[in-house]
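Undergrad: Here's the letter readout for the chains.
2 protein chains.
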Amino acid sequence: MIKQYLLSPGPTPIPNEVSLAMSKTMIHHRTPEFAESFNEARTGLKTLFGTDNDVLMFASSGTGAMEAAVANLFSPKEKVLVVNGGKFGERWLRISQAFDLEVIEIKVEWGKAVRVSEVKQQLDAHPDLKGILVQASETSTAVVHPVREIAELTRDNGPLLVVDGVTAVGVLPVAMDAWGIDVLVTGSQKALMLPPGLGFIGLSDRAWAKTREAKSHRFYFDLQLEKKGQSKGSTAFTPAVSLVFGLCAALRMMKNEGLDRVYARHERMARATRAAAVALGLRLLAPDDPSPAVTGIYVPEGADGDALLDYLRARMGITFAEGQDHLQGKIVRIAHVGHMGAFDVIIAISGLEMAFKKFGLAVTLGQGVAAAQDVLMEALD
Amino acid sequence: MIKQYLLSPGPTPIPNEVSLAMSKTMIHHRTPEFAESFNEARTGLKTLFGTDNDVLMFASSGTGAMEAAVANLFSPKEKVLVVNGGKFGERWLRISQAFDLEVIEIKVEWGKAVRVSEVKQQLDAHPDLKGILVQASETSTAVVHPVREIAELTRDNGPLLVVDGVTAVGVLPVAMDAWGIDVLVTGSQKALMLPPGLGFIGLSDRAWAKTREAKSHRFYFDLQLEKKGQSKGSTAFTPAVSLVFGLCAALRMMKNEGLDRVYARHERMARATRAAAVALGLRLLAPDDPSPAVTGIYVPEGADGDALLDYLRARMGITFAEGQDHLQGKIVRIAHVGHMGAFDVIIAISGLEMAFKKFGLAVTLGQGVAAAQDVLMEALD
Numbered sequence: 001m002i003k004q005y006l007l008s009p010g011p012t013p014i015p016n017e018v019s020l021a022m023s024k025t026m027i028h029h030r031t032p033e034f035a036e037s038f039n040e041a042r043t044g045l046k047t048l049f050g051t052d053n054d055v056l057m058f059a060s061s062g063t064g065a066m067e068a069a070v071a072n073l074f075s076p077k078e079k080v081l082v083v084n085g086g087k088f089g090e091r092w093l094r095i096s097q098a099f100d101l102e103v104i105e106i107k108v109e110w111g112k113a114v115r116v117s118e119v120k121q122q123l124d125a126h127p128d129l130k131g132i133l134v135q136a137s138e139t140s141t142a143v144v145h146p147v148r149e150i151a152e153l154t155r156d157n158g159p160l161l162v163v164d165g166v167t168a169v170g171v172l173p174v175a176m177d178a179w180g181i182d183v184l185v186t187g188s189q190k191a192l193m194l195p196p197g198l199g200f201i202g203l204s205d206r207a208w209a210k211t212r213e214a215k216s217h218r219f220y221f222d223l224q225l226e227k228k229g230q231s232k233g234s235t236a237f238t239p240a241v242s243l244v245f246g247l248c249a250a251l252r253m254m255k256n257e258g259l260d261r262v263y264a265r266h267e268r269m270a271r272a273t274r275a276a277a278v279a280l281g282l283r284l285l286a287p288d289d290p291s292p293a294v295t296g297i298y299v300p301e302g303a304d305g306d307a308l309l310d311y312l313r314a315r316m317g318i319t320f321a322e323g324q325d326h327l328q329g330k331i332v333r334i335a336h337v338g339h340m341g342a343f344d345v346i347i348a349i350s351g352l353e354m355a356f357k358k359f360g361l362a363v364t365l366g367q368g369v370a371a372a373q374d375v376l377m378e379a380l381d
Numbered sequence: 001m002i003k004q005y006l007l008s009p010g011p012t013p014i015p016n017e018v019s020l021a022m023s024k025t026m027i028h029h030r031t032p033e034f035a036e037s038f039n040e041a042r043t044g045l046k047t048l049f050g051t052d053n054d055v056l057m058f059a060s061s062g063t064g065a066m067e068a069a070v071a072n073l074f075s076p077k078e079k080v081l082v083v084n085g086g087k088f089g090e091r092w093l094r095i096s097q098a099f100d101l102e103v104i105e106i107k108v109e110w111g112k113a114v115r116v117s118e119v120k121q122q123l124d125a126h127p128d129l130k131g132i133l134v135q136a137s138e139t140s141t142a143v144v145h146p147v148r149e150i151a152e153l154t155r156d157n158g159p160l161l162v163v164d165g166v167t168a169v170g171v172l173p174v175a176m177d178a179w180g181i182d183v184l185v186t187g188s189q190k191a192l193m194l195p196p197g198l199g200f201i202g203l204s205d206r207a208w209a210k211t212r213e214a215k216s217h218r219f220y221f222d223l224q225l226e227k228k229g230q231s232k233g234s235t236a237f238t239p240a241v242s243l244v245f246g247l248c249a250a251l252r253m254m255k256n257e258g259l260d261r262v263y264a265r266h267e268r269m270a271r272a273t274r275a276a277a278v279a280l281g282l283r284l285l286a287p288d289d290p291s292p293a294v295t296g297i298y299v300p301e302g303a304d305g306d307a308l309l310d311y312l313r314a315r316m317g318i319t320f321a322e323g324q325d326h327l328q329g330k331i332v333r334i335a336h337v338g339h340m341g342a343f344d345v346i347i348a349i350s351g352l353e354m355a356f357k358k359f360g361l362a363v364t365l366g367q368g369v370a371a372a373q374d375v376l377m378e379a380l381d
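Line order of the protein sequences matches chains A and B.
Note that the numbering used here has the first sequence beginning at 1, numbered continuously upward.
Note that the numbering used here has the second sequence beginning at 1, numbered continuously upward.
Same shape as in the complex, but just chain A:
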């Protein structure tokens, strides 16, 4: 019997309240009963996105919602700026290329946030830019990009700011309308505490206007079609009914906790994890602009990070995320997203300490835990 602890940045653990809601009797999706749940979810999503406009949902992963943004906003040969600082920046690049956009790329060193000055420079150099595509939180490198500051450059009359908020929405404040974000995208399996299978997208008025001009091919992800359908209480095509039931439960849980408290909890868990890493003498992947969703930690020089993660999963039941591409084997990524709390940090750090010791790496058991406890105690009054 090895209890399982899912501490990866998606899928994330599902709370019982959500599982129970998803177990409700299946119903037809063109009924007043479904519309009631659907509309409840739509209302909750607006609050979560910080927008008065519609937030639409698709039966898709988050990548589907990313494609919806590109396919509905831009036409072939239009020029967009992509901030590429990790695997998900790279995804914006690949989607843009698949839709024949002309891409200006800002390559960002993994573990760093894009500098606002560099975005400004590209904006000045390319007055014909139609969009900027960026992550609010780049999951692969455990970094937050300064989307609020970028929005200052684009709002009102600049290119459309398209933000992948997959590990940001519900983790840290991302206020669409207040900040002037034009498109915000997320998925169900992160802060929303659901299984994968729902993609979400919100658009500003400027972005909606642009969808009427864009010539890219689209059908399943056609936002005008969906906007019409979803305002009537269902999706254009068959919705993921059970996930919508679960979504209502998850949004209610977040509302009950209070979004400010949700954000504070994520920030505190991440800070406790970083404090533990530092106490253990480990190096952080993103010391300067760390994401509250996930913490990247370098394994000690000479250690095999992949073997460490395999061991943690197989022998201790702990699933962390590995490093990708050139970071493969060199880092572990510990998530703090969704249905996680103080003791998930404790489990992560105590497990890491024990695995280090087992692998013959220098570690003092309990030292990282104590540093994490110190931070986590802030929540206790």
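Be a bit skeptical, because a hint or two may be false.
Copies of the same chain look alike in the list, so a pair counts if it fits in one copy or across any two.
Pairs of lysine-lysine, DSS-like flavour, derived with a Cα cap of 30 Å [as the list claims (entries may be wrong)]:
(1) Lys227 with Lys77
(2) Lys330 with Lys215
(3) Lys120 with Lys357
(4) Lys255 with Lys358
(5) Lys24 with Lys3
(6) Lys46 with Lys3
(7) Lys232 with Lys215
(8) Lys130 with Lys215
(9) Lys3 with Lys357
To be clear, the hints were calculated from the coordinates, so they are not data collected in a lab.
Given the coordinates of chain A, assemble chain B onto it according to the supplied hints.
TA: What follows is chain B alone, placed relative to chain A:
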């Protein structure tokens, strides 16, 4: 959002495998389909109890099975010896009195195990004893009694040895046939990882013979009636169908893990908890004969244990058990029963450390955790 950690000695956490099995479609209990599950459970229970005889189940709590033992084995005015070293020893006493037995009581100081020599003395002093009633693990005082040694005194021709194994069966080895235990009783909500609602009882041939003579009143708990019914694939009265589905799943999990590993896991969790308590300078309730099911720890002098437990539950989501009677407010009881593993110990100890600090008690964060980690690492190879 405060995640909940149920670390009390029953009910204990329910594994998903069991929850899913209990969610199966309801069926009628006089059908071949139910008999199939029922018989699978019966077979698994025999292995668990270490007996070739039937293990019967009731839709009742463990106390129902305790009553079944008394009501079916003894007649009014018959003399029994009760080992009373805690709340559950006291329960044997109360049941025996309710059935008008003549009770010889061995009072045992809370936190101590009964001495075999004292049992021997009473056996010699009362040659007309018909039974000895004892706990294998006294949950209220976190103690194990030496039932194996007591069985050496009674087997073959002594009084019937009736053992409450509620926090022992599935936690530590209790080999009914091999040790010569006459009656062994347990409940569903401990090591069997089920919700409360099933009571179990196994009887030796000697005990079965005695059931034919006993004159005490019984109907629902009539063992002869049940034996006949259960050998045909259902209980005499309506069985708790879903719990039986869950029982099959739980027994399969225990079989897959291997009973020896299950016992070793419990023993290791308890030892890690004791090591942590000692490292934190705390006093154990039962240092000499500790139960692997639960560890009793005195709170520091002057601290309010009840307030501490309330705080842990309300602010940190951790449910420990309190002390009872004269130990109320003076101890915490941390369980290691059923679906629990290494990180449940870590959660318990790190939570206790943080609560101590919050209450202004002397504590070094991480010190208990490190001691626990040291022990828990034995399981890692």
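Undergrad: Look at each hint and say if it fits the structure.
TA: Hints, one by one, checked against the model:
Proximity of lysine 227 to lysine 77 under the C-alpha cut-off of 30 Å is restricted to the intra-copy arrangement: shortest distance 26 Å within a copy versus 81 Å between copies. In this assembly of identical chains, the alpha carbons of lysine 330 and lysine 215 never lie at most 30 Å apart, being 43 Å within a copy and 73 Å across copies at closest. In this assembly of identical chains, lysine 120 and lysine 357 lie within 30 Å of each other by CA distance neither inside one copy nor across copies; the values are 47 Å within and 49 Å between. In the homo-oligomer, the alpha carbons of lysine 255 and lysine 358 lie at most 30 Å apart only across protomers (28 Å), although the nearest pairing inside one protomer, at 42 Å, exceeds that limit.
With identical chains, the CA atoms of lysine 24 and lysine 3 are at most 30 Å apart both within one copy (27 Å) and between copies (23 Å). In this assembly of identical chains, the alpha carbons of lysine 46 and lysine 3 lie at most 30 Å apart only when taken from different copies (26 Å versus 36 Å within one copy). Proximity of lysine 232 and lysine 215 under a CA criterion of 30 Å is satisfied intra-copy only: 26 Å inside one chain copy versus 72 Å between copies. For the identical chains of this complex, lysine 130 and lysine 215 are intra-copy neighbours only, at 13 Å inside a copy versus 92 Å across copies, given an alpha-carbon limit of 30 Å.
Both within a single protomer and between protomers do lysine 3 and lysine 357 lie at most 30 Å apart by alpha-carbon distance, with minima of 21 Å and 29 Å respectively.
In terms of the numbered hints stated before, the structure departs from hints 2, 3, listed from lowest to highest.
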